[in-house]
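K.L.:
Sequence order for the protein chains is E and F.
Quick note on our numbering: the first sequence kicks off at 1 and runs consecutively.
Quick note on our numbering: the second sequence kicks off at 1 and runs consecutively.
Hints are not guaranteed to be accurate.
In silico lysine-lysine, DSSO-like type, Cα no more than 27 Å apart, as pairs [to be verified]:
#, chain 1, residue 1, chain 2, residue 2
1, F, K230, F, K284
2, F, K245, F, K284
3, E, K52, F, K284
4, F, K245, F, K291
5, F, K230, E, K45
Keep in mind that the hints were calculated from the coordinates and are not lab data.
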Amino acid sequence: MADETPKLEQIAAAERLGGDRYFAIAIVVLSAGLLALIGEQTQWKNGSALLKQPAFWPGISLIGMTVCALLYLAQSLRSERYVSWDRRELVVWLRCLEFPIWFMAYVFIVPVVGYLPTSVVFSPLLARRMGYSSSRVLLSAALMGAFIVILFKGFLQVRVPGGALYEYLPDTLRNFMILYL
Amino acid sequence: MDIVLDGFAILARWDVVAALLIGSVGGVIIGAIPGVGAAVAIAILLPATFSFDPIVGLTILLGIYGSSMYGGAIPAVLINTPGTAVNALTTYDGYPLTQRGEGRRALSLAYSASFFGGIFSVLCLIILSPLLASIAPHFGSREIFLAALLGLVLAVIVHRGQSVIAAFLVFFGIFINTIGLHTATLTRRFTFDLNFLASGINLIVVVLGLFALSQAFVLLVGRDESPETKPVSGGLFQGLGEVFKYPGTATASSGFGVVMGMIPGVGEFMAQFLSYTFAQRRSKTPDEFGKGAPEGLIASEASNNAVPGAAMIPLLALGVPGEALTAMMLTVFYVHNVVPGPQLFQNQLDFVMALYLALLILNVMVLVFLLFSTNMLLQVIRIPTRFLGVMILTLAFVGVYSLRNSAWDCVIAAVFGFIGFVLKRLRLPIVPIILGMVLGQIMEVKLRASMARVKTPLDFIDRPIAFILFCAIVIIIVMHVRTLIKNRKAERTEHA
């Protein structure tokens, strides 16, 4: 059971952290899968020396990965562990997947709405999602979003394109927004 | 002497001075916040520095790198939480001193030991520079290949108890670097017919994913924490001289930092471990270590602050970065078409000297800043961790997206962010992936370049430096395997 509380001797005996076995299996599958594709994904040039072949370095790295992954899996299978920690950790990993989605949403909204408006809304929204509800914290998050935009795009001139919505602004404001915000 | 003056001339610009100030103060603040660290800050700032002159961009990054450990000592000493990972050993003796009501003494000891280590390493480098300039040209393709290989071997071996997974991650890094167009044969490797993979996977995207995004995910998924801190009363000047009561410990620890910093793939952790053990062995009160021994605190802080300067040596002299932060700095050189390596050390020693002098100045700036601002920094430590996660996620976007305005880069960064998250949850190392990527690329290029002059395998090591490097690699591997076998035997005996 995932919620079962481990006994002290079980914690003391555990040599690996929860999730380690899933990780070991995943890296074996990844390495062996990629190694199986080497003939398809790289070319063999006739007449070229082995060390100059395009497949040489991918081959070396994938063989190394596969061997190490198998060794790691063997170590993992041999080690003392508390099984329910594995399942609990897997749930944590799955919970984490929410945040790459937040990040990608931010990435796709910026070119449409613009960097400043998106950041000013995104930061307090994520802060709210994280459990902060006081207006002080949410305002701090919005100000932080604005500060990041002004610092990086306004002053440091990093390349973040203006939002498509900026096109509907009056000429002077539009140019300013595209260049600095 | 002329070369030192030339170095100062390069630094005598308002933008370089501003960069020094921003880098050093920013680094201290970032280092003081548990859960951020120099790697995250450098990864985020990296693309922004591409528009600056190399000296300005590098000075900011060096400032953050060199000063973050000073800041990291504050929470380590006062709340038993290291600001950066390399301040972990500082908690052993720093926090017990605070518990005894000697927090102010512990902080000033940490600052002065850090300052001692930082200055010691820069002075060593300035003195060593002419020697390095004369040795560097003897490093051809073969020697650089072997130095990179040595770095990878060490990157695996220093992860005691985790060598297998460290080796896997090194190979994984090498593999990631091979994805894309193979320039020598113009063939595609592991692109799966996807056009965005043809140009390969950008190192900075991986760095941002593994360091910045993963840290944001860790903080967002974890429990919200806001450490309680008590202000330090009284000035911090009184304890500054105390480090000189232990000149042997301070010098030896800084020496370990310099030597370990110079060896690719080793870095702060090994330097700290060796200097702490050494200090304990030669101490008259070894039992006090871990209970508030000033020597323990000095050993930890002096050694880790001596590393950044020394870590610049393999980067500048050979173009071989020894750890993740110098690997990130390497990209700044590449963006500006400045190729670090023997030629740089030989032809642009003034530029190299300017970087060392920048490190020297920033150590002074940081010490002065800390003496007056420690209580102000305690406010920063209290930022709740989930709020920090929101900040890092928002900042990571600038880093990734501003590189090429590519949504695919962001997808790749998010994937590596998740990989980094899993590795951090499992307490597995991340740095070997970055070293595998950077050193793997160097090895591929240098091996191809050296093959033209190599007819038999023995030709590869027929020059003195190549032979020494080869022997070092063999000896290190043999010793490591021997230790593993010994440990295994000891384990079996214990179980029996």
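K.L.:
Would you mind confirming whether the straight-line C-alpha gap from F/K245 to F/K284 stays at or under 27 Å?
P.N.:
This hinted pair holds, its Cα atoms lying about 13 Å apart.
K.L.:
Are F/K230 and F/K284 close enough, with their CA atoms no more than 27 Å apart?
P.N.:
With Cα atoms ~33 Å apart, F/K230 and F/K284 exceed 27 Å; violated.
K.L.:
Does F/K284 sit within 27 Å of E/K52, going by the straight-line distance between their CA atoms?
P.N.:
violated (59 Å)
K.L.:
Is F/K245 close enough to F/K291, meaning Cα to Cα at most 27 Å?
P.N.:
holds (19 Å)
K.L.:
Are the Cα atoms of F/K230 and E/K45 separated by 27 Å or less?
P.N.:
With a Cα-Cα distance of about 67 Å, the restraint between F/K230 and E/K45 is violated, given a limit of 27 Å.
The earlier numbered hints that this structure contradicts are 1, 3 and 5.
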